[in-house]
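Peer 1: Listed below, chain by chain, are the residues.
2 protein chains.
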Amino acid sequence: MTALLQKHQDLLTKALDACAHRYAWSGWPENPSSKIHGEEKPAAGLARFESLLGQHFPLLQPGEIGRVGEEVSPYTGEPLGVRYPQMDPQGLFAAINVARPGWAAASPEARVGVCLEILQRCGEQLFENAHATMHTSGQSYVMAFAGSGANALDRGLEALAYAHKAMQDVPATAHWERQFGRDGVASLEKRYRLLPRGIGVVVCCATFPLWNTYPALCASLATGNPVILKPHPAATLPVAMVAKVCREVLAEAGFDPNLVTLAADTRAEPATLPLVQHPDTAIIDFTGSPRFGSWLEQNCPGKLVYTETAGCNSVVLESTDDLTATARAIAHSLCQASAQMCTSVQNIHIPAAGIQVGGETVSHADVAQAICAAVDHWLAEPRAAATLCGTLFDPTVQANVDRYRELAGGRILRDSAPYDNPGFPAARTATPLVIAATEADRDWYRQEVFGPVSFIIANDSLEACLADATGNARDCGAITSHVYSTDPAFLGRAVDAYHAAGASVACNLTGMPINFAAAYSDFHVTGLNPAGNACLADLAFVSNRFRIVQSKFMGVAPAA
Amino acid sequence: MTALLQKHQDLLTKALDACAHRYAWSGWPENPSSKIHGEEKPAAGLARFESLLGQHFPLLQPGEIGRVGEEVSPYTGEPLGVRYPQMDPQGLFAAINVARPGWAAASPEARVGVCLEILQRCGEQLFENAHATMHTSGQSYVMAFAGSGANALDRGLEALAYAHKAMQDVPATAHWERQFGRDGVASLEKRYRLLPRGIGVVVCCATFPLWNTYPALCASLATGNPVILKPHPAATLPVAMVAKVCREVLAEAGFDPNLVTLAADTRAEPATLPLVQHPDTAIIDFTGSPRFGSWLEQNCPGKLVYTETAGCNSVVLESTDDLTATARAIAHSLCQASAQMCTSVQNIHIPAAGIQVGGETVSHADVAQAICAAVDHWLAEPRAAATLCGTLFDPTVQANVDRYRELAGGRILRDSAPYDNPGFPAARTATPLVIAATEADRDWYRQEVFGPVSFIIANDSLEACLADATGNARDCGAITSHVYSTDPAFLGRAVDAYHAAGASVACNLTGMPINFAAAYSDFHVTGLNPAGNACLADLAFVSNRFRIVQSKFMGVAPAA
Chain A
23 MTALLQKHQD LLTKALDACA HRYAWSGWPE NPSSKIHGEE KPAAGLARFE
73 SLLGQHFPLL QPGEIGRVGE EVSPYTGEPL GVRYPQMDPQ GLFAAINVAR
123 PGWAAASPEA RVGVCLEILQ RCGEQLFENA HATMHTSGQS YVMAFAGSGA
173 NALDRGLEAL AYAHKAMQDV PATAHWERQF GRDGVASLEK RYRLLPRGIG
223 VVVCCATFPL WNTYPALCAS LATGNPVILK PHPAATLPVA MVAKVCREVL
273 AEAGFDPNLV TLAADTRAEP ATLPLVQHPD TAIIDFTGSP RFGSWLEQNC
323 PGKLVYTETA GCNSVVLEST DDLTATARAI AHSLCQASAQ MCTSVQNIHI
373 PAAGIQVGGE TVSHADVAQA ICAAVDHWLA EPRAAATLCG TLFDPTVQAN
423 VDRYRELAGG RILRDSAPYD NPGFPAARTA TPLVIAATEA DRDWYRQEVF
473 GPVSFIIAND SLEACLADAT GNARDCGAIT SHVYSTDPAF LGRAVDAYHA
523 AGASVACNLT GMPINFAAAY SDFHVTGLNP AGNACLADLA FVSNRFRIVQ
573 SKFMGVAPAA
Chain B
23 MTALLQKHQD LLTKALDACA HRYAWSGWPE NPSSKIHGEE KPAAGLARFE
73 SLLGQHFPLL QPGEIGRVGE EVSPYTGEPL GVRYPQMDPQ GLFAAINVAR
123 PGWAAASPEA RVGVCLEILQ RCGEQLFENA HATMHTSGQS YVMAFAGSGA
173 NALDRGLEAL AYAHKAMQDV PATAHWERQF GRDGVASLEK RYRLLPRGIG
223 VVVCCATFPL WNTYPALCAS LATGNPVILK PHPAATLPVA MVAKVCREVL
273 AEAGFDPNLV TLAADTRAEP ATLPLVQHPD TAIIDFTGSP RFGSWLEQNC
323 PGKLVYTETA GCNSVVLEST DDLTATARAI AHSLCQASAQ MCTSVQNIHI
373 PAAGIQVGGE TVSHADVAQA ICAAVDHWLA EPRAAATLCG TLFDPTVQAN
423 VDRYRELAGG RILRDSAPYD NPGFPAARTA TPLVIAATEA DRDWYRQEVF
473 GPVSFIIAND SLEACLADAT GNARDCGAIT SHVYSTDPAF LGRAVDAYHA
523 AGASVACNLT GMPINFAAAY SDFHVTGLNP AGNACLADLA FVSNRFRIVQ
573 SKFMGVAPAA
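Protein chains in written order, with our numbering: chain A, 23 to 582; chain B, 23 to 582.
Treat the hints with care, as some may be off.
Since the list can't tell identical chains apart, any single copy or any two copies may satisfy a pair.
[Stated by the list, open to error] No farther apart than 27 Å at their CA atoms in a straight line, the calculated lysine-lysine pairs in the DSSO-like style are these:
| # | residue 1 | residue 2 |
| --- | --- | --- |
| 1 | K63 | K187 |
| 2 | K325 | K36 |
| 3 | K36 | K187 |
| 4 | K29 | K63 |
| 5 | K325 | K57 |
| 6 | K325 | K187 |
| 7 | K29 | K266 |
| 8 | K29 | K187 |
To be clear, the hints were calculated from the coordinates, so they are not data collected in a lab.
Between the sequences and the hints, there should be enough to build the whole structure, so can you do that?
Peer 2: Below you can see the structure in the form of structure tokens.
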């Protein structure tokens, strides 16, 4: 065992156990409160973040041809002014190719140890990462610390645990001996070596820049593949901070830092295609739009493509014993991170005839009203509202809201408006827009409307609710789906219907953020509907990132 | 645990252990001798084979639109006259789609149990399968019994063990509980369900019809995917016999027999494209030509494609302590199954200046001569020669031999000729053609020349031997590669060079058939060079054939 693996063995062991039994666990603190961390750590994190602003980001990479940076804080409206390396693919790939053999030759244990150290070091910069995420992705500080910090690291560790498990499944050596006819006993020493596939390109998204980045990074790097991180131009800083840690840890461990690089770009001159289409790129991990994700899935033959994109996440309401709790659970999803999460609910299906609440029929209109009231409940206290909603990461999100306000006309159930974000008067904010819809409006809701726009859909019947919701999951994708019902028989039918559409489903979640996806426990993304072709993480996510070559020896053998 | 899994639990446990430790083991008898089996079983197997000749093969499948059959025995030159169902894709897929839900709903344990029973029943027809394989693929009886029987079944069990392991990695349920802020404890029951991908099409090859068929069948079927077996028109009978067993076992176990079907075709009217391109086909397992395999890899986006094709397998000779043993080992590969195996050696690289034998230099010409003499050694006794060489499965193989005889002209080191196959005067036979080559002849040997044609290549130096052989493996594919050297340092360099080309390598194998690939021990095909993109079997071969969906419940839950 290598020193780094030994150092972090307990963490890895715990992660493997959590993956096997899928209980609740986190390897990192989810709460940024100074009651836990003291005053000094959070202040130092903020200071480190501020020291980066207006500067060239400290990364020295071969193949740099210039600097770019167009991040604008959704909180202040001000450019961050951080400048990142823009890379010439030829120089970048050449440098990476120099780095490849040493990493490929390292033992799986050595590589897993390096990845564990990377995760731990990233865990030490959770505070500055939270500020970087706030001022790029627009998340609130608390969300940026937990969701884009601790929970994202957990997902990296989860993928790393799977990679470790898949690699450990292949023994290093074997002794093989048998008789062939009268030829006597043939005795062979066999050695099995794991070889990486090539270079991995990780295309990161804007709103949760590290959520899928840590898992893809760990899955590829641990299995021997160098990684190029291609951040979104709107949210580069959190990714750059990870790249810097990776390069430092690699160098300290005696490896070439160019095994992990950052390739920044601009909206005007995107770098993704030249990176993913380069012949040395063997693996593509993509988080982003369904359109480009699907294009990658279809147009990169011979490369491994893992995608998480988006869909139209749904709720089906059949009955509840506690309408207030149910409405609040759903409304929480409409508010959280201004519904810019891959798990945010968009389509709420309620039978036109209403639902049963504690044995009484409550009309469709009253249920819709309860949900809108619950949104207002969450927004009542400004500081809590700001923590829950954060900001809109980009002006295009506000444009989505505006477009649907116009389309909806008189069918707005709850109008969207800016809210005051304490401490950030210039913050780009918008409260949830809730629109009344019927199946006649399917064009509106059979796609992801990115941002705080949702539809309360009056389907003709309960069965029509389920058919619409699951049909949309099958055709347009879904990452989360919810059902509320007190009837176990209906729950059973609903689960089967969602599963038949290739979707997972959560039933009767209240009293918790229903958007929450738990690393080590939830298999995030099924890979069976258009919202992505991969699960982060399972064995399939890791086991093809390396291949096995073997040597066998009769008699003399070289030193191992 | 299901009854069938319980019945075969010991076999599965043993296979899992063999895969983990990769020692020599076989679950089935490799020797057809009546000394082991008695007289009755072999005779009954022959009788059952003969009873099939000239008949409609007993398969009743929905969607049949006619019967085809164009098999001709390479031993007798006579048509077998067996007629197989030709399928209308529309009717076939419709029937399979009816069968899918029941199989998807079955537990992984139930499906693995059915696959184990299928393998065991196929093991009971090893004798008739051996005759069927002889008279289609042209293998000798002994080879057909062992290689296409026991060893192929072993590979099916190996893939099944991996599928079982990958599915067992996902627990069925979990309890998850945690605190969210002041909201109290959230407690969830979670259920994880494995869903299949779709329909699997297994395209089988002519010369080893079941070698990759059992593994692909087991990998797809165990993970819930129905399987269409598309046999080669020249070697349909062995595959049809497996399809029949599958359908019987499925029906007896209470499942729809259409979960495994046979789609026979003819050379004039191939059925493969409509099957693999059907939208319900999600998985393609292909064994056959590099050209079509590569086309499938590049042109089936969104489908899982697993290929084993072919390459130009090489030997590099540096030195040996026993030239006779080394020459015989190599010559054995040139003779076995008339070099129609995916593991047959084709290119023998020997430095022009000769090699060291027991410390003495032996000239290139003398080493080449020793190899040719070793071929003659194996052919000296007619019955043994027939067992070793079998026949040419198809007239095109003889055409290959003829073409290279002509091309080689005066550079024939050992000429090919028919040999007398005892008991089968009309057998299509050809002994090895061995051609002297230099790097000027690279066009000849940088491709698979299918059949008993090999090249003894005089490279300028030892390093040139290694560079040529490994470069060809990288560019043109290789399934097996051999090095003979008494120098551990050279062996180390050679292993590294072959691995860098994405190839496995065997060193100094003598006294055993060097073509032998051991199930549970050898990772067959690396997936890193053009001879195939998959390994049969490893975790990567199975873990993406199913996906995971989950349901989670707070409070009330449907019956499990």
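Peer 1: Run every hint past the structure and note whether it holds.
Peer 2: Here's how the hints hold up against the structure:
no.: 1; hint: K63 <-> K187; result: neither (35 Å within a copy, 45 Å between copies)
no.: 2; hint: K325 <-> K36; result: neither (33 Å within a copy, 35 Å between copies)
no.: 3; hint: K36 <-> K187; result: both (13 Å within a copy, 21 Å between copies)
no.: 4; hint: K29 <-> K63; result: within (23 Å within a copy, 61 Å between copies)
no.: 5; hint: K325 <-> K57; result: neither (48 Å within a copy, 52 Å between copies)
no.: 6; hint: K325 <-> K187; result: both (23 Å within a copy, 26 Å between copies)
no.: 7; hint: K29 <-> K266; result: within (21 Å within a copy, 56 Å between copies)
no.: 8; hint: K29 <-> K187; result: within (18 Å within a copy, 29 Å between copies)
Hints 1, 2, 5 from the earlier list are contradicted by this structure; the remaining hints agree with it.
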